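2 protein chains.
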Amino acid sequence: MDEVIEKLKKVEGITSKTAEKILIDIIESKEKLNIIKDVLKTIDENFDNCPICNFYTINKKCSFCDNETRNKDQICVVTSKKEANKILKSDFRGMVHVLNGEINLNKNISPELIQLPKLFARISKDMEIILATNLTFNGEVTANYIINVIKENCKKISRLARGIPFGGSLDYIDEETLINAIENRRIIKK
Amino acid sequence: MDEVIEKLKKVEGITSKTAEKILIDIIESKEKLNIIKDVLKTIDENFDNCPICNFYTINKKCSFCDNETRNKDQICVVTSKKEANKILKSDFRGMVHVLNGEINLNKNISPELIQLPKLFARISKDMEIILATNLTFNGEVTANYIINVIKENCKKISRLARGIPFGGSLDYIDEETLINAIENRRIIKK
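Sequence lines, in order, name chains A and B.
Under UniProt numbering, the residue at position 27 of the first sequence is numbered 27, and the numbers go up by one with no gaps.
Under UniProt numbering, the residue at position 133 of the second sequence is numbered 133, and the numbers go up by one with no gaps.
Hints were generated in silico from the structure; no laboratory data involved.
Predicted, not measured: the structure shown is a model, and the values here were computed from it.
A few of these clues could be false.
To be verified - Here are a few chain B residues that sit away from chain A, every Cβ distance over 10 Å (derived from the structure):
(1) Ser80
(2) Asp126
(3) Ser158
Said to hold, decoys possible - Label-pair restraints from in silico Cβ distances:
(4) A:Asp91 - B:Leu105: 16 to 24 Å
(5) A:Ser110 - B:Ile52: 50 to 58 Å
(6) B:Asn108 - A:Gly101: 44 to 52 Å
(7) B:Asn46 - A:Asn148: 51 to 59 Å
(8) B:Ile52 - A:Asp174: 48 to 56 Å
(9) A:Leu40 - B:Asp48: 15 to 23 Å
(10) A:Asp174 - B:Ser29: 26 to 34 Å
(11) B:Lys107 - A:Asp66: 25 to 33 Å
(12) A:Asp174 - B:Val149: 48 to 56 Å
Said to hold, decoys possible - Lysine to aspartate or glutamate pairs mimicking DMTMM-like chemistry, simulated, CA-CA at most 20 Å apart:
(13) B:Lys61 - B:Glu45
(14) A:Lys86 - A:Glu183
(15) B:Lys82 - A:Glu112
(16) A:Lys30 - B:Glu12
Cβ coordinates follow ideal geometry from the N, Cα and C atoms, glycine included.
Excised from the complex, chain A in its bound form (with noise of 0.2 Å):
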């Protein structure tokens, strides 16, 4: 039992009291085995990764990517998928680029690890570029990061209004903060 505990932790959101809880509900129940076995077979065959903005697809759709209403001249970067998720449900009507993460020098985590040079590739002189990343440490260091290389080449740079926070993480952010922060954004480069 143990041994099944620790693989299902590997999985990013488990815990040890989570993965024990789901064992015995789907030893005791074929029903939510079959739940799970279901789901996995969706993501499988159905989800992937955007190869532009790094969200996800669904049948090879990005939400972002592929919906002509959208404003590609305005991209919001953020540093997960959670928060992209947000963001889709959320009025903004740009585009958005997910990082992955962010700059960690403790950590060894450098650029060309979060999907920056991906985000590069995609900057004209036409756009804004909105920083939507965490106002954490690290958070700082890769918006400043970013800030840094793209400066001349695109139009405009703006960072989420302070209506976060300070040393928030956008996770726990409920969608009507998020919004309002992104309405009032921070011009640094205009």
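Fit chain B to the known structure of chain A by using the hints.
Chain B alone, transformed into the frame defined by chain A:
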């Protein structure tokens, strides 16, 4: 995405936030997806419910019922497999019986629904029954119901010592405290 999250939430222990984290992790990494697939396969092929005590079996063997060195005349009655798992790791050398819940009149959970008939069928004159239900209202109702039914049919009935805080759920008790409470159990019938 929300549809898949709703599905996963049907499994015990998975909240919306956990489901989202799991899904994003398995979209990003096939390796994680395969870990869960592996776990499901292992559970499906090797794990089952023990027909005697309702703990789990691995390859049809129950760590309690199929272990000849355990004392068959001592049955510790618990409400879930999780607690049985803790007891398995402790120094207790008797058997267990997993109830799968507690009697709850508000929720129409009657004795038949929680594996009590199976418990009663196991009891014999030479046995000690150790009641390790939670020290909550429904745990007490369940314990009292069992005491009333079995008091003439076994040698000894005991409850866990009050080392466990009143109103406390067994789920969050460490193994040390649990084994102490078993050792200091209060005798109800001698």
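Review point. What hint numbers does the structure not satisfy?
Key: The structure breaks hints 1, 4, 11, 15; every other hint is satisfied.
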